[in-house]
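Engineer: Sequence lines, in order, name chains A and B.
Residue numbering for the first sequence follows my numbering, beginning at 1 and increasing consecutively.
Residue numbering for the second sequence follows my numbering, beginning at 1 and increasing consecutively.
Be aware that a few hints might be false.
[Claimed, not checked] When the alpha-carbon atoms are kept at most 35 Å apart in a straight line, the in silico DSBU-like pairs for lysine-lysine are as follows:
1) B/K43 / A/K136
2) B/K43 / A/K228
3) A/K165 / B/K43
4) A/K55 / A/K135
5) A/K93 / B/K233
6) A/K135 / B/K43
7) B/K188 / B/K233
Hints are computed from structural coordinates only; laboratory data are not their basis.
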Amino acid sequence: MTNSELKQKANEVRKGIVTSVHSAKAGHPGGSLSAADMFTFLYFEEMNIDPKNPKMEGRDRFVLSKGHTAPGLYSVLANRGYFPVEDLTTLRKLGSYLQGHPCMQETPGVDMSSGSLGQGVSAAVGMALAAKLDKKDYRVYTLLGDGEIQEGQVWEASMFAGAHKLNNLCVIVDNNGLQIDGKIEDVCCPYPIDKKFEAFNFNVINIDGHDFDQIRKALADARACTDKPTAVIMKTTKGKGVSFMENNAGWHGKAPNDEEYATAMADLAAIDAQLKEGN
Amino acid sequence: MGDKIATRESYGNALVACAEDFPNLVVLDADLAGATKTGTFKKAYPDRHIDCGIAECNMTGIAAGLATCGKIPFVSSFAMFAAGRNFEQVRNSIGYPHLNVKIGATHAGITVGEDGATHQCNEDIALMRTIPGMTVIVPSDDIEAKAAVRAALEMNGPVYLRFGRAAVPVINDNPDYRFEIGKGVKLKDGNDVTIIATGICVDSALNAASILEEKGIKADVINIHTIKPLDEKIVIESAKKTGKVFTVEEHSVIGGLGSAVCDCLSANAPTKVVKIGMNDCFGESGPAAALVAKYGLDGEGVAKTILANI
Chain A
1 MTNSELKQKA NEVRKGIVTS VHSAKAGHPG GSLSAADMFT FLYFEEMNID PKNPKMEGRD
61 RFVLSKGHTA PGLYSVLANR GYFPVEDLTT LRKLGSYLQG HPCMQETPGV DMSSGSLGQG
121 VSAAVGMALA AKLDKKDYRV YTLLGDGEIQ EGQVWEASMF AGAHKLNNLC VIVDNNGLQI
181 DGKIEDVCCP YPIDKKFEAF NFNVINIDGH DFDQIRKALA DARACTDKPT AVIMKTTKGK
241 GVSFMENNAG WHGKAPNDEE YATAMADLAA IDAQLKEGN
Chain B
1 MGDKIATRES YGNALVACAE DFPNLVVLDA DLAGATKTGT FKKAYPDRHI DCGIAECNMT
61 GIAAGLATCG KIPFVSSFAM FAAGRNFEQV RNSIGYPHLN VKIGATHAGI TVGEDGATHQ
121 CNEDIALMRT IPGMTVIVPS DDIEAKAAVR AALEMNGPVY LRFGRAAVPV INDNPDYRFE
181 IGKGVKLKDG NDVTIIATGI CVDSALNAAS ILEEKGIKAD VINIHTIKPL DEKIVIESAK
241 KTGKVFTVEE HSVIGGLGSA VCDCLSANAP TKVVKIGMND CFGESGPAAA LVAKYGLDGE
301 GVAKTILANI
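Make a model of the complete structure from these sequences and hints.
Structural biologist: Written out as structure tokens, the structure is:
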């Protein structure tokens with residue numbers, strides 16, 4: 001896909017995020033929107049997957065360690081064809097297969113249940129280890145929040161991945177700079193994030209998480225790395241694409257009301273128009 | 001009765017014995033392979049043993065990830081860490097997705113001995129049995145421990161197996177013995193009292209029954225090796241017959257075998273139940289046998305409690 005096509009897809013993914021969270025009257029739009037470009041690249045470009053065969057043997061795996069951004073994962077899965085986009089409005093509702101946090105038994109395309117922070121990355125390490133044990137060449141991607149890395153288990157998992165040279169593992173940190181209680185550096189500063197992963201024997205790549213050229217190159221470099229797991233630290237804007245949500249910690253876990261929803265969708269429609277003009 | 005052997009030894013031996021039949025079996029440790037006896041497996045199958053270092057929560061998550069890719073991981077550590085430290089990892093990363101991970105928890109209960117209270121886990125059965133879909137097995141001796149490991153591998157889904165550090169007598173060496181998950185074993189028939197025991201306390205229950213017999217009291221003795229799912233039929237039948245039930249376990253009286261039996265009987269056949277176990281207290285350092293005696297979990301202690309309550 002061209003960058004222009006990817007941008008359009010990412011905008012559709014963002015619409016799905018905003019629509020599902022609005023419909024649920026709850027959920028986590030901020031960190032879903034910040035990661036929407038990465039979600040889009042992973043599912044439309046990077047990963048070896050088949051929406052018609054979600055459990056395809058030898059597929060690449062994805063674990064959403066920051067499981068609260070399930071609206072982002074669900075939206076990209078729906079847009080990629082795993083299930084109907086219309087179903088996104090069932091998010092968090094009784095009887096829906098789109099649970100508040102990812103559930104691998106309910107949702108096609110979800111490779112691991114997650115949501116309790118710090119745990120998904122360990123499961124991703126286990127998947128990468130399974131590939132090594134079975135001498136298979138699938139890759140494993142996991143997305144973490146920058147607040148999430150305050151959890152000690154993240155560093156247990158990283159120490160193991162570095163020690164075992166799991167070069168088939170790609171850890172992505174969504175560095176949008178905000179967590180529930182405020183700026184990450186004010187709550188409990190995790191910086192420098194890149195130096196920490198370097199110290200745990202990772203191949204570390206810093207990028208702008210909204211630049212598809214940089215995303216493409218980072219993930220290609222990760223694939224090319226033969227002796228280390230890769231950590232992609234991506235600088236992003238929390239709430240990206242929706243004017244009033246951008247860089248506002250208050251939109252970490254809050255749904256837009258009807259009026260706000262209309263504004264959000266108008267913002268995303270304006271991005272659509274811009275993208276079309278650019279073509 | 002055969003020689004004494006610790007069920008952790010049986011665990012290590014059983015893993016080796018099952019390795020060829022279950023090619024997807026892998027064993028994970030957190031720097032305790034020597035103590036959990038999985039070192040036996042590590043020696044025989046080094047490529048299928050993964051030492052995760054001293055990081056039990058990560059080990060549990062790795063096991064979950066391995067299971068999603070078709071492996072059957074056995075996670076090994078002391079009960080204190082495998083169930084205690086790890087509780088939420090077991091619940092959310094293994095229990096909720098109902099993954100095919102087996103947890104081999106050794107050094108359970110006070111028979112850890114000299115290491116003392118920090119390492120004597122008397123709460124693990126309570127923690128594990130609250131997780132939906134979790135099977136909880138507490139073998140009583142070498143024969144049962146080995147059978148339990150194989151049975152756990154044969155079933156799909158998470159299983160918690162509890163093993164001990166101290167050598168215990170072999171009590172199931174009879175030709176009729178067969179192990180089935182969820183099926184209690186009647187060891188003695190009697191009409192006066194019911195003694196339901198699990199793990200190493202099954203031997204204490206048998207000894208207590210002998211002491212009671214000398215005093216003319218005949219006990220039904222039931223070995224409940226599977227705490228969950230509980231064999232309700234055998235419990236209800238015996239309770240209805242004797243009307244007096246005693247449970248014996250090397251575990252807190254809160255949440256363990258005793259509680260499981262009470263849950264069952266209060267709903268099906270209300271019966272007075274006396275729970276013999278750790279009475280809402282921590283253990284302490286000392287030789288295993290001395291601790292078992294001090295806390296009233298040996299045959300004499302169990303008999304004494306029964307006599308005081310009938």
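Engineer: Now tell me, hint by hint, if it's right for this structure.
Structural biologist: Here is what the structure says about each hint:
1. B/K43 / A/K136: holds, 25 Å
2. B/K43 / A/K228: holds, 27 Å
3. A/K165 / B/K43: Given that 35 Å is the threshold and the Cα spacing comes to 23 Å, the pair holds.
4. A/K55 / A/K135: holds, 19 Å
5. A/K93 / B/K233: Answer violated: A/K93 to B/K233 is near 39 Å, above 35 Å.
6. A/K135 / B/K43: Since the Cα atoms of A/K135 and B/K43 sit roughly 22 Å apart, the hinted pair holds (cutoff 35 Å).
7. B/K188 / B/K233: holds, 16 Å
Hint compliance for this structure: hint 5 alone is broken.
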